[in-house]
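**Student:** Let chain E serve as the given structure and place chain D on it in line with the hints.
Protein chains: 2
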Amino acid sequence: MSKQRIIIIGGGFAGVFAGQAITRLLKLRRGNTDGYHVELINPTNYFVFQPLLPEVVSGTINAPDAVSPLRALLPGVHFRMAEVIDLDVAKQQITLLQGSRRIPQSLSYDQLILTPGQRTDTSHLPGFAEHSFTLRDLDDAHALRNHVLQCLEHADITQNPELKQRLLTFVVVGAGFSGVETIGELKEMVHRTLRYYPNIQSEEINMILVQRGDRILPELSPQLAAYAQTDLVQRGVDVRLNSSITKATAYAVFEDDGNRISTSTLVTTVGNGPVQLATSLPFETHRGRIVADIHLRVKGHKNIWTAGDVAAVPNATTEITPATAQFAVRQAQQLAHNLIAELQGKPLQHFDYTPKGSMASLGNYRGVAEVFGVRISGLAAWFLWRGFYIAMLPGFATRLRVALNWLLDYFVPRNSVQIRNKPAGSAAKRLYAAGDVLFRPGQIVDGLYILISGKLESRSSDGTFLRVIKPGDHCGERSIETHHVTVGTLSALEDSEVLVLKREDFELLYQSLPVLRQYFHSISDNTYPDELRSASRNESPLTEYLLEGQEK
Amino acid sequence: MSKQRIIIIGGGFAGVFAGQAITRLLKLRRGNTDGYHVELINPTNYFVFQPLLPEVVSGTINAPDAVSPLRALLPGVHFRMAEVIDLDVAKQQITLLQGSRRIPQSLSYDQLILTPGQRTDTSHLPGFAEHSFTLRDLDDAHALRNHVLQCLEHADITQNPELKQRLLTFVVVGAGFSGVETIGELKEMVHRTLRYYPNIQSEEINMILVQRGDRILPELSPQLAAYAQTDLVQRGVDVRLNSSITKATAYAVFEDDGNRISTSTLVTTVGNGPVQLATSLPFETHRGRIVADIHLRVKGHKNIWTAGDVAAVPNATTEITPATAQFAVRQAQQLAHNLIAELQGKPLQHFDYTPKGSMASLGNYRGVAEVFGVRISGLAAWFLWRGFYIAMLPGFATRLRVALNWLLDYFVPRNSVQIRNKPAGSAAKRLYAAGDVLFRPGQIVDGLYILISGKLESRSSDGTFLRVIKPGDHCGERSIETHHVTVGTLSALEDSEVLVLKREDFELLYQSLPVLRQYFHSISDNTYPDELRSASRNESPLTEYLLEGQEK
Numbered sequence: 001m002s003k004q005r006i007i008i009i010g011g012g013f014a015g016v017f018a019g020q021a022i023t024r025l026l027k028l029r030r031g032n033t034d035g036y037h038v039e040l041i042n043p044t045n046y047f048v049f050q051p052l053l054p055e056v057v058s059g060t061i062n063a064p065d066a067v068s069p070l071r072a073l074l075p076g077v078h079f080r081m082a083e084v085i086d087l088d089v090a091k092q093q094i095t096l097l098q099g100s101r102r103i104p105q106s107l108s109y110d111q112l113i114l115t116p117g118q119r120t121d122t123s124h125l126p127g128f129a130e131h132s133f134t135l136r137d138l139d140d141a142h143a144l145r146n147h148v149l150q151c152l153e154h155a156d157i158t159q160n161p162e163l164k165q166r167l168l169t170f171v172v173v174g175a176g177f178s179g180v181e182t183i184g185e186l187k188e189m190v191h192r193t194l195r196y197y198p199n200i201q202s203e204e205i206n207m208i209l210v211q212r213g214d215r216i217l218p219e220l221s222p223q224l225a226a227y228a229q230t231d232l233v234q235r236g237v238d239v240r241l242n243s244s245i246t247k248a249t250a251y252a253v254f255e256d257d258g259n260r261i262s263t264s265t266l267v268t269t270v271g272n273g274p275v276q277l278a279t280s281l282p283f284e285t286h287r288g289r290i291v292a293d294i295h296l297r298v299k300g301h302k303n304i305w306t307a308g309d310v311a312a313v314p315n316a317t318t319e320i321t322p323a324t325a326q327f328a329v330r331q332a333q334q335l336a337h338n339l340i341a342e343l344q345g346k347p348l349q350h351f352d353y354t355p356k357g358s359m360a361s362l363g364n365y366r367g368v369a370e371v372f373g374v375r376i377s378g379l380a381a382w383f384l385w386r387g388f389y390i391a392m393l394p395g396f397a398t399r400l401r402v403a404l405n406w407l408l409d410y411f412v413p414r415n416s417v418q419i420r421n422k423p424a425g426s427a428a429k430r431l432y433a434a435g436d437v438l439f440r441p442g443q444i445v446d447g448l449y450i451l452i453s454g455k456l457e458s459r460s461s462d463g464t465f466l467r468v469i470k471p472g473d474h475c476g477e478r479s480i481e482t483h484h485v486t487v488g489t490l491s492a493l494e495d496s497e498v499l500v501l502k503r504e505d506f507e508l509l510y511q512s513l514p515v516l517r518q519y520f521h522s523i524s525d526n527t528y529p530d531e532l533r534s535a536s537r538n539e540s541p542l543t544e545y546l547l548e549g550q551e552k
Numbered sequence: 001m002s003k004q005r006i007i008i009i010g011g012g013f014a015g016v017f018a019g020q021a022i023t024r025l026l027k028l029r030r031g032n033t034d035g036y037h038v039e040l041i042n043p044t045n046y047f048v049f050q051p052l053l054p055e056v057v058s059g060t061i062n063a064p065d066a067v068s069p070l071r072a073l074l075p076g077v078h079f080r081m082a083e084v085i086d087l088d089v090a091k092q093q094i095t096l097l098q099g100s101r102r103i104p105q106s107l108s109y110d111q112l113i114l115t116p117g118q119r120t121d122t123s124h125l126p127g128f129a130e131h132s133f134t135l136r137d138l139d140d141a142h143a144l145r146n147h148v149l150q151c152l153e154h155a156d157i158t159q160n161p162e163l164k165q166r167l168l169t170f171v172v173v174g175a176g177f178s179g180v181e182t183i184g185e186l187k188e189m190v191h192r193t194l195r196y197y198p199n200i201q202s203e204e205i206n207m208i209l210v211q212r213g214d215r216i217l218p219e220l221s222p223q224l225a226a227y228a229q230t231d232l233v234q235r236g237v238d239v240r241l242n243s244s245i246t247k248a249t250a251y252a253v254f255e256d257d258g259n260r261i262s263t264s265t266l267v268t269t270v271g272n273g274p275v276q277l278a279t280s281l282p283f284e285t286h287r288g289r290i291v292a293d294i295h296l297r298v299k300g301h302k303n304i305w306t307a308g309d310v311a312a313v314p315n316a317t318t319e320i321t322p323a324t325a326q327f328a329v330r331q332a333q334q335l336a337h338n339l340i341a342e343l344q345g346k347p348l349q350h351f352d353y354t355p356k357g358s359m360a361s362l363g364n365y366r367g368v369a370e371v372f373g374v375r376i377s378g379l380a381a382w383f384l385w386r387g388f389y390i391a392m393l394p395g396f397a398t399r400l401r402v403a404l405n406w407l408l409d410y411f412v413p414r415n416s417v418q419i420r421n422k423p424a425g426s427a428a429k430r431l432y433a434a435g436d437v438l439f440r441p442g443q444i445v446d447g448l449y450i451l452i453s454g455k456l457e458s459r460s461s462d463g464t465f466l467r468v469i470k471p472g473d474h475c476g477e478r479s480i481e482t483h484h485v486t487v488g489t490l491s492a493l494e495d496s497e498v499l500v501l502k503r504e505d506f507e508l509l510y511q512s513l514p515v516l517r518q519y520f521h522s523i524s525d526n527t528y529p530d531e532l533r534s535a536s537r538n539e540s541p542l543t544e545y546l547l548e549g550q551e552k
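For the record, the sequence lines run as chains E and D.
For the first sequence, this note's numbering begins at 1 and goes up steadily by one.
For the second sequence, this note's numbering begins at 1 and goes up steadily by one.
Same shape as in the complex, but just chain E (with noise of 0.2 Å):
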């Protein structure tokens, strides 16, 4: 007799509780699995506790202690890391990529559940894609927190008062949990390691939320709202509400009445959207949440099934439930005993849930909390939340240590402030408004500089105009090919996109593909001038750059 195969694509909440509880309903039926065989899919190996990624931002917790691993949360789960591209209901098939050469393959399934979750989609904000950081994956922590410190590493030594104000500002744009988590840790980890900038004053930072709507946290009730928000104020962040943030740029957002706030660091908790996969399958959707019955089937499909954030989901026949990881537990735990009892011909049962209580942390050892109606704040609430994900942790050994850790942090404050060194990074499309300039004179370029959209002006030292560039020019090739510093000035004339191939990359290329090669041989300095390029080409370079400007 051939096993029933289950398989679970995506290792969120939903999955990761629809895996344990399918396998426990198994075992307390049947005393063993044989028969099924039980399989998650998941791109990466770990669990993300995301509400903890604020913590792991500011050093508070380390990394290694936010995620768990699939394969020791899921025991007797069969567990695939590889990423699912396509499904054909019609031959019950799934289509995944596995392995570093990617092939795809095939993979039957008798009973489909679907937990992809969703993906940050700020595609309708120019700008957001190229300069703002999200906070979903362990990457982004390590992305944002190096960010960070880099800005304070920056600030401490430039003299430029300009400069130093853009790196010491932080926007964060959404007044959610995960908003107030993030810029409460912020705050908190920015003044920890301030002692060791001794350029940087305290009131030299600014820390920006801005909220959309008229009060910050709209899952809690007003009044402990309006204690994190005093909270916030108190420690001296910015609250903006009735706000939003409509553009970013390399050096700037822009706020919807057209207010300019000059910055390096734009963190978006906003815009929830689908993931790749929910958008091309064949199901009905709700805002690009697949749209699901009361039993959490998706609609019109008897072996399909869907939780967490990625399912559009009736409570109680009625109202859409909200993505969070409460209702994707829940969801998880009644999918299984659904789908189980489907398998042996057992009535299902309707989802319906009322949330228990939300927790938030603000920073620095305090946090708000609404139990069963008691409203908490302070100490005791951020120890709830820590409480509750110490609960979540697979195994007694690990949370004991978890918790070790955590008591040992509390008396023994962490002094980790170090960074990694950035990952290699490649293309990539950066946005600048009119009036920005791009180089001055006396900088090294970082990599050729590509319009894709918009208008660059070029000028000499001197202020002579020298050309406008226009989209599918190009420059910088120049100054890279000769090491030599810029002389000329770049600036936008219109809100430009600008793709930057890394210096590194564009030396490797122009090597390696004789098409680039003749064509950059081909452009003479008279019909293409190159304004990056240093003019004085009879002078010997030092060692590798001509040094004729500095930061001033």
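These aren't lab readings, by the way, just hints derived from the structure by calculation.
Note that CB positions come from ideal geometry on N, CA and C, so glycine has one too.
Treat the hints with care, as some may be off.
What the hints assert, rightly or not - List of simulated lysine-lysine pairs, BS3-like, C-alpha gap at most 27 Å:
(1) D:K3 / E:K502
(2) D:K502 / E:K429
(3) E:K247 / E:K455
Claimed, not checked - Covered stretches of chain E (in silico footprint by chain D; criterion: 3 or more residues with CB under 8 Å from a CB of chain D, positions within the stretch not fixed):
(4) 68-75
(5) 147-160
(6) 203-216
(7) 368-382
(8) 399-406
(9) 515-521
Said to hold, decoys possible - Just a few of them, taken from the derived set where beta-carbon distance is under 8 Å, the chain E residues facing chain D:
(10) N62
(11) S221
(12) Q223
(13) A427
(14) I452
**Tutor:** Positioned in the frame of chain E, the structure of chain D alone reads:
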């Protein structure tokens, strides 16, 4: 009165201990450091305890516990995160790049201390730059850890026995302290995590330690080295003496006798070479190291000092001291003493030091040590080793925290199987040996393949010869354009070097740069066959990819 400017370049053992000793001496003699400006410059803002990096790879140490913030280590010393690119001895000036825009700046000095360390130089070994891992910095440790876990994930699900063997073979070159610790930690880590990989048997793991000489750990006595070797062999490590790896490719490494070892993981702990700065300076060098005099001054310069791995320091006027942390620390202290003596017109002292002991960790809570002539092995040596590290940490609170953490880890072992996603990556070179297959039918092309040197051959799926690919030729673009999987086979006729431009980067460039778009459009199907493109264009691809073959 202007301050005496003492600039230290490099924040490794030598730089940190020199900085600490100088401030200590100045405070002792003068009560404070007024009149002196001591500044340390380093590209990262943390000090790495390199000997612990193998333990970061295996996850027995948390990354934050293997590094210390330089600012915290060096109270009284100004710190600047920047890269030094040039030195002008006549002007007493250095040139550096700092900040995100990397604008060249100059900085003057009265006394200069050069302690930039060494880097791994494997340029004489083909394929090492492209395909080997090193362990110099925190990033290296993260990269190797992720790679090893990726190999296990992939080996657990592949159906291809040849591929599985390659993924489960780990080769470490060099059996000094670093190589022995690395293989010991890798062994321990892989076996600790195997229980989560149901399809991998312990006996399928191959751990190979390759050593050019006739014994391991040449720094230790023969008896202790023999103990360590027996320990490793008993734990299943294949120790290959009198051998060396002379070539690496994408699929294998080659021993000097021509023997091919199929592997995806090569770690090299040999091949120390000079940092770029050291090679560009007008100083006398000895095997790439800057020649110092017995007082730790750069030969022929009164106000330039050097110590640590970068310096060729004569010990008691004869032999050159080895590049170890122990010597770096001693030299730094002597250097600081001499520098202050020089400033105060007092006599300098010769550098002369006999090492007091050596220690190595073997993983699995075992070590070997030789201290004051006494040999210790097993758990005691391991504790000694960790204790040495604890003593190095800045501040009592940090020491206590790390020590308690390790104690905790001993009783409640960490369960850290998770990996970070791979960093974005960019254009990278790959080497293939004659006969290697780059693509088989049914695969998804991960980038534009540009041949740099060598010769490739393409055949259709029925084996018909299609064409020879020569340097400057490329393939993959059609497959990327059409979202189809490969239908032919691409293999190397000779040893070949290929530049792979990541799929996403190629797409961005192709869209933005007119010359590339025109070029690739101009290549018609007939004049430039692309074997990586699907032959059956009229079939409609599944969501994204046309699935024709599967990994078998």
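**Student:** Decide, hint by hint, whether the structure agrees.
**Tutor:** Hint-by-hint comparison with the structure:
no.: 1; hint: D:K3 / E:K502; in the structure: violated, 40 Å
no.: 2; hint: D:K502 / E:K429; in the structure: holds, 15 Å
no.: 3; hint: E:K247 / E:K455; in the structure: holds, 18 Å
no.: 4; hint: 68-75; in the structure: holds (count 4)
no.: 5; hint: 147-160; in the structure: holds (count 6)
no.: 6; hint: 203-216; in the structure: violated (count 0)
no.: 7; hint: 368-382; in the structure: violated (count 0)
no.: 8; hint: 399-406; in the structure: holds (count 4)
no.: 9; hint: 515-521; in the structure: holds (count 3)
no.: 10; hint: N62; in the structure: holds, 6 Å
no.: 11; hint: S221; in the structure: violated, 36 Å
no.: 12; hint: Q223; in the structure: violated, 38 Å
no.: 13; hint: A427; in the structure: holds, 4 Å
no.: 14; hint: I452; in the structure: holds, 5 Å
Of the hints listed earlier, those the structure fails to meet are numbers 1, 6, 7, 11, 12, in rising order.
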